[in-house]
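Number of protein chains: 2
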Amino acid sequence: MTINCDEVIPARHGKAIRLRKGEAVAVVNTHGTQVVDTWAFCVEDPAHYMSMEHTRVENGRLMPAVGHMLFTNQREPILVLEEDRSPGIHDTIMAACDRWRYERLGCQEYHRNCADNLVEAMAELGVAVTEIPAPLNLFMNIPVGQDMSLTQGTPLGQPGDHVVLRAQRDCIVAFSACPQDITPINGRMPTDAHLRLFPLTIGADA
Amino acid sequence: MTINCDEVIPARHGKAIRLRKGEAVAVVNTHGTQVVDTWAFCVEDPAHYMSMEHTRVENGRLMPAVGHMLFTNQREPILVLEEDRSPGIHDTIMAACDRWRYERLGCQEYHRNCADNLVEAMAELGVAVTEIPAPLNLFMNIPVGQDMSLTQGTPLGQPGDHVVLRAQRDCIVAFSACPQDITPINGRMPTDAHLRLFPLTIGADA
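Chains as they are written, first to last, in full-length UniProt numbering: chain A, 1 to 206; chain B, 1 to 206.
Isolated chain A (complex conformation) (with noise of 0.2 Å):
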């Protein structure tokens, strides 16, 4: 396969990049089994982030659907999925991995995670991240019983799967390749993502 993108996302780690309003990027699900936590602050103020218990709210919806904007902890739009070329099956409610998710996993050592990514990420653009939202976990599955159970469900994807967040303004997004090797969500096999990146065009809508 091809491979012709702008940014990766390294296995197991995390990548922020950095969005003015009316930017798009491409998130690509290159293998097509691999989760990506997403989340997006406000460049003015990283306590100004995307909110997924906020977007829920407002689009009515467990999870985003093209055309759904993506609503920040003060329910303001920050982004909005603008094509999803994937099964449309992303999740909204469960936290991002960390170092005690891990341990409750019985790792005795050190296990890479999606908040330390996170804080990374965010790091390497020179922003210091205390809280971790919860994230928008793109093409994870987790179907949610009539019993009301939640499964850490196989991926349903393809490769080259993607989806186009474009920003309703000036924002960093940040991304991790979730390192999750213990229960299935990534096909147990955690893989390279990539990112497209369409700048602004002119008559582009800003």
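Rather than coming from a laboratory, the hints here were simulated on the basis of the structure.
Glycine is no exception: its CB is placed at the ideal position from the N, C-alpha and C atoms.
Accuracy of the hints is not assured; some may be wrong.
[What the hints assert, rightly or not] Here's a subset of chain B near chain A, in silico, CB distances under 7 Å, partners left out:
(1) V57
(2) M63
(3) Q74
(4) I93
(5) A95
(6) R99
(7) L156
(8) Q158
(9) R169
Got chain A sorted already, so can you dock chain B onto it with the hints?
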């Protein structure tokens, strides 16, 4: 109906209490139709708090059931749902209502809201809250459709329904009798709710 309780959560207002490890509180849905947004914070660090997204992962369930722990953002047990004398339908996925919620619903003037109620209730105990965690919305009915839709459902309870929450560590538990009167989640008529406190008794597992 006779109300024999220790504390009132006044309609549209908040109330916070301190619980020592082993102590418990019953949250009484006095009129059967009132949603009670609930939060918990570790006494030694208000940034270490009960987290719905972590609780869902650890329990593998959309909402807690009897015997389930409620976990913090460091995945430590902070409360246990010890008893549930209600239909067992609670919400963990919707943000607390806030002033932006009511602005988006068309309110021209300030509307009381759960986020501000939390801040007020904690301030009465001398604790400053800067972050509004996603609450445990006791007695709130948000059906999830097969199409992933989320409905603002009408209440399912009966007068006097209650749940018992027991502290797994010293904490502050905060409540808001949700002021929502535009959607039908409180039966369109916010009411009081009540708290019954269970202090430590000799022989209790503290």
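| field | Violations among the numbered hints, reported as their numbers in ascending order | value | 6, 7, 8 and 9
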